[in-house]
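Chemist: So the sequences go chain by chain: V and E.
Position 150 (the first sequence) corresponds to 1040 in this note's numbering; numbering is contiguous.
Position 88 (the second sequence) corresponds to 707 in this note's numbering; numbering is contiguous.
Treat the hints as calculated values from the structure; they're not laboratory data.
Incorrect hints may appear among the rest.
To be verified - Here are the simulated EDC-like pairs of lysine to aspartate or glutamate, each with C-alpha atoms no more than 20 Å apart in a straight line:
#, chain 1, residue 1, chain 2, residue 2
1, E, K751, E, E775
2, E, K1303, V, D1063
3, E, K1303, V, D1068
4, E, K1298, V, D1063
5, E, K1298, V, D1070
6, E, K1298, V, D1068
Take a look at the letters that make up each chain.
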Amino acid sequence: MGVLGSGNSITFIKRVWVVLVRLNVKRLINPALFLGGAMLLAQGLYMDAKAVVAQGLIAHSWQQRTAASPPPKPWWWADTKAIAKLEVKRLDKALYVMQDDSGQSLAFGPGHLNASANVSEQGHVMIAGHRDSHFEFIQDLKAGDIIETTNHQSTTVRYRVIDSVILDTSSQDLLLQDEDLLSLITCYPFDGFVPGGPLRYIVNAQKVDL
Amino acid sequence: MKPFIKLALASIKSAFAFSLALMSLLATMHANANNSAGELELRDQGGNVTSALLLDTAISGEVNGMLATIKVKQTFRNDSDQWLNGRYVFPLPEGAAVDSLTIQIGERIIKGEIKEKEQAKRTFEKAKREGKKAGLLQQHRPNLFSIAVANIGPQEQIIANISFIDTVVYKDDVFSLTMPTTLTPRYVANGSTESIRLDENAQRQLEKDLNSNTNSEQQRGNNVEINTGNGWANNTFRVPDASDITPPQAHSLSDQTSHRFSLLLSLKVGLDLQQVSSSTHPISSNFSGGSAQEVKVELANGHELMDRDLVLMWQPILGTAPKAAMFQQELALSSTDKEYFTMMMLAPPTTSVSLSLPRDVTFIVDSSGSMGGQPMQQAKQALHDALARLSPSDKFNIVDFDSTYRTLYSQSQAASFDHIQSAKQMVDNLRADGGTEMTGALKFALNTAEDPNYLRQVIFITDGAIGNEAELFKIIDQDLANTRLFTVGIGSAPNAFFMSKAAKFGRGTYTYIRDTNQVQSKMATLFDKITKPVLRDLAIDWPSSAGKIEQYPSRLPDLYAGEPLTVLVRSSSPINSAQVQGSMLNTPWSQSLSLGSSSGNKDSDNLDTVWARKKVDTLMDKLHTGEEPLTTIKPVVTELGIKHHILTKFTAFVAVDKTPTRPDTLKSKSKNVPNLMPKGTTMKVPQTATPASLLSMLGVLLILISFIGRKRSFKLIGKRTHLTTDSLRGASDQGVKEPPIVCRQSLALKLFRNQGVFLKAWRVTPKNNNEECGKA
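For reference, chain E alone in the conformation it holds in the complex:
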């Protein structure tokens, strides 16, 4: 009896072991299948965006010469029967100087005040608790902002009016204004997973911190702050404000009236315009009063979905494209004291000369998940186009990155037919998935050994959907040496701040390719820029009569063909003229400008705001490169923001209603206002097969095998019945004649006899064979 129980127990055990082994195999298969489907899931909690606040955006404004004054009117409608607090993360142009916020409730208008950021947050939180209507406008990136509105009653609406000033982009004789409407979900680099969700205790602690006047930042030292926003990502060391910049995003909304914008823009350029057009939206332009100098622009369809950037372009009549311009503003500080702000624009001379030096071009291409869909197609086309533009004397390499990076060659190779062919193959095989870890790819491309006989250029094709901009700027700044970095933005809503700033640190240019139709023309323009000589060593001689001068950018960049320079200057006396010097191909070049003769304006507005914004930009650059620490930059920027009434990283606008409207007894719920996914991005495909039939099949197979095997062993056992009983009785091996052979005949053995390992194991124990066979 005993051996039988033993055997039964052991058989159950081994059966378990075997099936567990099989199951774990299947489980890993299953897990792999689930993971392969996608990386980020972009849903808000509960997967529902219908109950959120609804949004309506109206963009209006004026373009005067080189300056655009834009008003963004956001209407938040609460269609529910609860009190709601809304938070909406939205993009603005990366150069925008946001200078006002007003909150409108019914007929009442509350003007927002600029305050130090932490102080503004405290004011807002207090009003929120007290049931007062309030608004808080913050800057998270120069192109990414958030507005929080508190205590919107059931069926009520709150209007937030935000205004900003931006300089118009003037490139290749075309003026343009880009108005982003949504963002590509940012990849959050995770250096260390020191992220903590804001639980209730932490929330209380945070509120305590905010209410007491202790400096919470000092207390926390260099640690990552617990999540303050409510985005889908947690704060990390590399993206310490990830929760602020990752709003929920939806492919579509159930309420078709939400997330649409309208446009009303009047262009007063002071030039005769040839045409006004948009590469992104159908527009209607109305040349008022027969004059080609003032144009009203609207959306042809009235409203458009906020799922892609709006790009407006206007072009002066052929031959009248300005080469230089100067604008000035006089600002009275007191009855006697005056300040003067001057903006100067200067286009580099056109040349037909091409550079003789061959080039060593490294292409970096982003194949991360956010590039899925149309962006990846654009990137592939752009690469194909660029490869075709290389001349055989050039060298090239391709670096492709997502969570890691891969290179075509370990170092740049000649652009021979064969090399180009294999490059094309690599490009065709690119597939958009995984994270967006740019650092490795950038470091590789920038640190390749330099050959003085080649011009080192890096062309970086990406949507810039990352949150660790500062880290990357630092890498570019440190590793650049003689290489030049050119960024190519891809997709419906690229991160223009990253793209243009990376190009600035990389001393190159930024090109935006909106769709596949534009690839060829845009790449042609880019290659024109990188094959033509640059205007370098620029310096401006301001007249001595100007008095005290403060100029931004303080270090002037090199100018590529078609890329004018814009400089802002504050002086204590008026400036009437200036002399610009530089050199091109080692030949000195100079040009003088004066207020009267060149196109421009003596009494412009808002130049002080733009100047302050440029100064903030320069200061923040110093912070990015590590040239100056946060402790010295922060107070200066804060003071600038408050003095010039502009939003910065360290200042915020807060508007609070005087009287509470939410009854004490009712609580308000917090809602995120989602952003739309950029047009043309892909969906995650779910796993739609179960291993049910596979499992059943395997099960049946195993049972069958066991039955066949059993039959065989029955036979064997039957043959040797006497022997078994003998050995059990303790009979010695006299009666045993052939058992080893019989044992070897078992089916399981046959199945595995080709496995050398098994035979080896078998041969180790021949001595016990007889006994073993007998025991069963």
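Here chain V stands alone, though its shape is the one from the complex:
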């Protein structure tokens, strides 16, 4: 992440600048800045829009699941699919959990860490989401809040939030516990701009017997 501030990038910008000047294009700087800016803005907005729209499409596909088969692909070229639903009634949040935690999946919804226990089954379940879209709300979760997970077979498990911790992945490790837990994981700090930091915000919740 330190790329912008490092010496390399400064010399890089300098070099680009010199080339632009040599090409005698200083008049074109403003249009260039405008176009570049518009493209970046468009990309940023597209990412946010994708996160919102995808959940809507997935919600539709979720309705088509049966006990025997998981939901179909939410759109025909989709490379990921939802495997569970995550709800926090107090905050009026309902999200669809994607099948893995790859970048592609996380763009559309929070993702299940496959090495952890399966959603709505015994063991420690871990779900990760983006701090700037789907999992922005987890900063509002308080101890005692109820989180519900439902898998495609409509098995619902209820968890009660016990605590939230900040994990520094550069010195600490994420460990799988032997208990029936649900951990929601996202990047920290929530208002950070530059992605890729080492901090993670983790909300831990304990299974509640229905």
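For chain V, the structure is supplied; the task is to place chain E on it using the hints.
Modeler: Same frame as chain V, now just chain E:
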């Protein structure tokens, strides 16, 4: 019109260039962020382990004196409605002599035969194709095996019974038996990426090779074989069987009944036992019939998850710990011809003398990804403990490695307060990530210049999760000189074969630290061993009446305090006594043993199997060190394996049912049975932030800048409208009075005017200034 189009085109181009540059910057940022999260992803294809075969393991057996006879019963359940072929890679103790395989289907029991490995594979593949139930047991490392079972029908189960004989470990007056249940994912060193996934054509070719009787190995020459197993790694030159030793591994399984083992062990040690305990699992021990000599051991909870080694320990009543023992077995080859197998155990004398020579200790610590979690904590604690045990007259250094290695000092430094402080700091900053490239670190530690005034010792702390064992053994053997290498195993499931063999080639000892609670006591024992004198120059005088003698290990190791020697001998006549000689601190030492007087047994079983296993071990060592080539070792080991009915690198057990059960019309699918991740290992943390807001922010910023800049240029242009038209009309520079100054006032210019480079570039072209300003 023309210049306007030109300008528009150019502006689009430059806009592209600029935004591309920015995006590539952001992209690299993003890529870096993604890579930093982890190295190996341990999932099977599809990320799903639920549909695989389920596994149940029952371990039972008997310990008689120094020998353990263990049966492992693996039940593979197929809960699906398809025909399945299963493959399961599993660990056994590194000294295990696997001597039988039976496959049980319902009531029927099929006995496995020992065959040359390639032949066994062919038999198995043929049965698999014909729809017959079959089992194939192979050895990939002395502590890593695989079983393949073919054609398990829907809702059916197949039971594989594997039995092995192992010598019990006797160290520091405590007997122990370690039963591994899973493995730490091995790092696969990649010398050259000459790896090929088995595609369909290659599969056909392989089957052709297997069916025709041509020697496929010769055809391929020295090349790496295409992947034969279906592990997550591809075969490489440095780990030519990587695909066989890298089974899928899961942190947890959806079926909670799978991957659990039970235990039923009866200990008949022939000694009064003080206690039976386990440092890894809760156990219940039952002293049957009031006798302290026979004990039944079970798991207190009945079943335990297969995510860590099981270590059982038993200790004789104080003062009765045996110092020597001899066991013998008589084997009739024919009515007249007999062979005798003798096992001898001898503990070195205890001494309170410590060595006077100061030591030069190099610590090698593994900070690779597989050490993440509890193992790294154990390693750090072990290092802190060891640093505290150094005396100021000693010298030391620390080498830390993952994909590369780093050293604390370029050469060993005195263990002064300051040096120890900076060492502690280095240890605290250790972080587990990256690959496991041991070679560099080992070579550095072993090749440091030797000072004859110091005892050179290397303490190697690792989980041994590598696949290139042989390569490392060779380095240790070649570079050792007067250094001694001590291995310290860390974690829930270290690679005990590598650890103990590395210590053997390094002429040191192997210490296993299971958890952080054990660090202090284990390090104390280790330091006791390395500060006490060793019993060296050992030789055994067998009586001349013994006849022809074949002894393993043929070269006897030096004995550290508390580390007894175990020797196996085949002779043509019975051996009643033996004389062992050696020296300690240049003082000669000798002890005589005899069958009658010392504790032991005249009619033991299975010693022939253990002897053969030790012989194979010695032969394989010669292969590791390069003393003998594969072409001479392979036939000898194969013959030994077949004659003594034991599994080796070159032999395999195969069991095939007589009648086919899978209908021709149905196909069987292949499934891997995953292993559990060792307890206490870490998870990969995903990247959970997008650059969306950063991109939007930057976008808005750039647009704003461009607007401000535009405003300024509008003003400028407005001021000089007449001038622009003039110059376009081809007017000469008479009308131009101030444009250069105006040009310099552009905002973009202001922004960058501190950049010397820019000014330089600017100054190069003052002559054209007027024209340029005018053109726009």
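Chemist: If a hint holds in the structure, say so; if it doesn't, say that too.
Modeler: Here's how the hints hold up against the structure:
| no. | hint | verdict |
| --- | --- | --- |
| 1 | E:K751 <-> E:E775 | holds, 14 Å |
| 2 | E:K1303 <-> V:D1063 | holds, 9 Å |
| 3 | E:K1303 <-> V:D1068 | holds, 17 Å |
| 4 | E:K1298 <-> V:D1063 | holds, 14 Å |
| 5 | E:K1298 <-> V:D1070 | holds, 16 Å |
| 6 | E:K1298 <-> V:D1068 | holds, 10 Å |
The structure meets every hint from the earlier list without exception.
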